[in-house]
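S.K.: Sequence:
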Amino acid sequence: MILSKWDCSEEETQFVKDYLAQVEYTDYDRLFQLCDALALPSGFCLIEKRLVDAALRHGINEHVVPKWRATIDIQQAFEKAIGRSIYSVLPGVMENTFGLELKT
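Take 17 as the starting number for the sequence shown in the working numbering and just add one per residue.
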């Protein structure tokens, strides 16, 4: 699924679509996608903040909501695997999400 405008030829775009259609994603691939959805330049944040940030910068189309659902599914799968919220193992989530300086 291509989410935004590409500056590639139709042939290059079709090559990418065909390649991605035959790839079987591994847990490593899904972890990589999850990590991308968990961080802003300032550090870790709630996935929802990252998704909205990307939507504001790049716009949305008919593929965005299914992509968001897939990202949340990946989050839930990893949380089930580790037996806790992913946010419990990431430093600075509250500070980066809400702009807070938490006292310890």
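These are calculated hints, taken from the structure and not from any lab test.
Keep in mind that the hints are not guaranteed to be accurate.
[To be verified] Straight-line alpha carbon distances no greater than 25 Å define the calculated DMTMM-like cross-link-like pairs of lysine to aspartate or glutamate that follow:
| hint | residue 1 | residue 2 |
| --- | --- | --- |
| 1 | Lys83 | Asp34 |
| 2 | Lys33 | Asp45 |
| 3 | Lys33 | Asp89 |
| 4 | Lys33 | Glu95 |
| 5 | Lys83 | Glu117 |
| 6 | Lys65 | Asp34 |
| 7 | Lys65 | Asp89 |
| 8 | Lys83 | Glu26 |
| 9 | Lys96 | Glu78 |
| 10 | Lys96 | Asp34 |
| 11 | Lys96 | Glu40 |
| 12 | Lys65 | Glu78 |
| 13 | Lys33 | Asp43 |
[To be verified] Label pairs and their computed distance ranges (CB to CB):
| hint | residue 1 | residue 2 | range |
| --- | --- | --- | --- |
| 14 | Glu27 | Ser101 | 39 to 47 Å |
| 15 | Glu117 | Glu27 | 16 to 24 Å |
| 16 | Glu28 | Ile98 | 34 to 42 Å |
| 17 | Ile76 | Gly115 | 32 to 40 Å |
| 18 | Phe94 | Glu27 | 31 to 39 Å |
| 19 | Pro107 | Ser25 | 40 to 48 Å |
| 20 | Glu111 | Phe31 | 36 to 44 Å |
Quick caveat: nothing in here was measured; it's all calculated off a predicted structure.
For every residue, glycine included, the Cβ atom is placed at its ideal position computed from N, Cα and C.
S.K.: When the structure is checked against the list of hints, which entries are broken? Sort them ascending.
M.R.: 4, 5, 6, 9, 10, 15 and 17
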